[in-house]
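The sequence shown begins at 122 in my numbering and counts up one residue at a time.
Just so you know, these hints were derived from the structure itself, not from any lab.
Please note that the accuracy of each hint is not assured.
[Claimed, not checked] Pairwise CB distance ranges, derived in the manner of DEER restraints:
(1) LEU214 with GLU264: 38 to 44 angstroms
(2) ASN246 with THR143: 22 to 28 angstroms
(3) PRO215 with PRO176: 23 to 29 angstroms
(4) ARG270 with PRO180: 23 to 29 angstroms
(5) TYR228 with TYR123: 36 to 42 angstroms
(6) LYS178 with ARG239: 38 to 44 angstroms
(7) HIS226 with ALA252: 38 to 44 angstroms
(8) ARG177 with GLU139: 37 to 43 angstroms
(9) THR143 with ARG177: 39 to 45 angstroms
(10) ARG146 with SER260: 38 to 44 angstroms
(11) ASP131 with GLY168: 24 to 30 angstroms
(12) PRO180 with ARG239: 21 to 27 angstroms
(13) ARG136 with GLY253: 17 to 23 angstroms
(14) THR143 with GLU235: 32 to 38 angstroms
Remember, it's a predicted structure, so these values are computed and weren't measured experimentally.
Each residue gets a CB set at the ideal place from its N, CA and C atoms; glycine is no exception.
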Amino acid sequence: SYAEGSADADRGLERLIEWAKTRERPTIVAFFGDHLPPLGPVYVETGFLKDNVAPRKEPTPEAALEHHATPLIIWSNRSGPVENLGTVSPAFLPYHILTAAGITHPYYTGFLGEMRERYRVVDRNLLLTPAGAATADWSRQKEIDPAIRDFR
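Just need the whole structure built from these sequences, with the hints factored in.
Laid out in structure tokens, this is it:
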């Protein structure tokens with residue numbers, strides 16, 4: 122069942138981190154869920170969603186976060202867990218992992234770091250700033266932030 126699979130994944134992550142703690146070599150563990158679990162009709166039955174899967178384009182930024190946010194853990198055997206990650210777009214995963222490893226790179230930590238300071242969510246239908254200001258349908262606007270244009 123889904124619950125058994127989640128419990129197995131939790132135990133597996135714990136074993137992996139316990140093993141990585143014993144390594145002398147610097148080690149980063151990243152655990153990321155890229156979508157909500159397929160639970161069939163339960164989403165509709167509970168009123169969480171209108172259909173069995175979340176729509177690609179949500180009616181509000183709040184709905185987009187609620188229906189598309191998934192777990193992310195980044196842990197280092199040198200510094201422990203990365204705290205206060207907040208909502209992270211998948212495009213920013215390299216930035217967070219390399220930063221946790223203490224590695225700098227012009228694109229992966231430089232440019233993506235600058236983008237992360239401006240936006241915490243970059244989705245084809247939504248931009249969300251760290252302060253929570255949302256721009257829905259940003260790609261259809263006449264004026265697009267030059268940084269987003271470079272990002273694309």
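We went through each hint and held it up to the structure:
A hinted range of 38 to 44 angstroms is violated for the C-beta pair LEU214 and GLU264, which are about 28 angstroms apart. Between ASN246 and THR143 the C-beta distance comes to about 44 angstroms, which lies outside the given range of 22 to 28 angstroms. At roughly 28 angstroms, the beta-carbon separation of PRO215 and PRO176 lies within the given 23 to 29 angstroms, and the hint holds. Distance hint check for ARG270 and PRO180: the Cβ-Cβ separation is about 26 angstroms, which falls inside the suggested range of 23 to 29 angstroms.
Under the hint 36 to 42 angstroms, the C-beta atoms of TYR228 and TYR123, about 37 angstroms apart, fit the expected range. With their beta carbons about 22 angstroms apart, LYS178 and ARG239 fall outside the hinted range of 38 to 44 angstroms. Restraint check, HIS226 to ALA252: a C-beta distance of roughly 27 angstroms breaks the suggested window 38 to 44 angstroms. A hinted range of 37 to 43 angstroms for the beta carbons of ARG177 and GLU139 is consistent with their spacing of about 38 angstroms.
The supplied range of 39 to 45 angstroms is met by THR143 and ARG177, whose beta-carbon atoms lie about 43 angstroms from each other. Between ARG146 and SER260 the CB atoms are about 42 angstroms apart, so this pair conforms to the stated range of 38 to 44 angstroms. The hinted range of 24 to 30 angstroms is satisfied by ASP131 and GLY168, whose Cβ atoms lie roughly 27 angstroms apart. At roughly 24 angstroms, the beta carbons of PRO180 and ARG239 sit within the given window of 21 to 27 angstroms.
Between ARG136 and GLY253 the beta carbons are some 37 angstroms apart, a value that contradicts the proposed interval 17 to 23 angstroms. Checked against the hint of 32 to 38 angstroms, the C-beta distance between THR143 and GLU235 comes to roughly 36 angstroms, which is consistent with it.
Violated hints, in rising order: 1, 2, 6, 7 and 13; the structure is consistent with all others.
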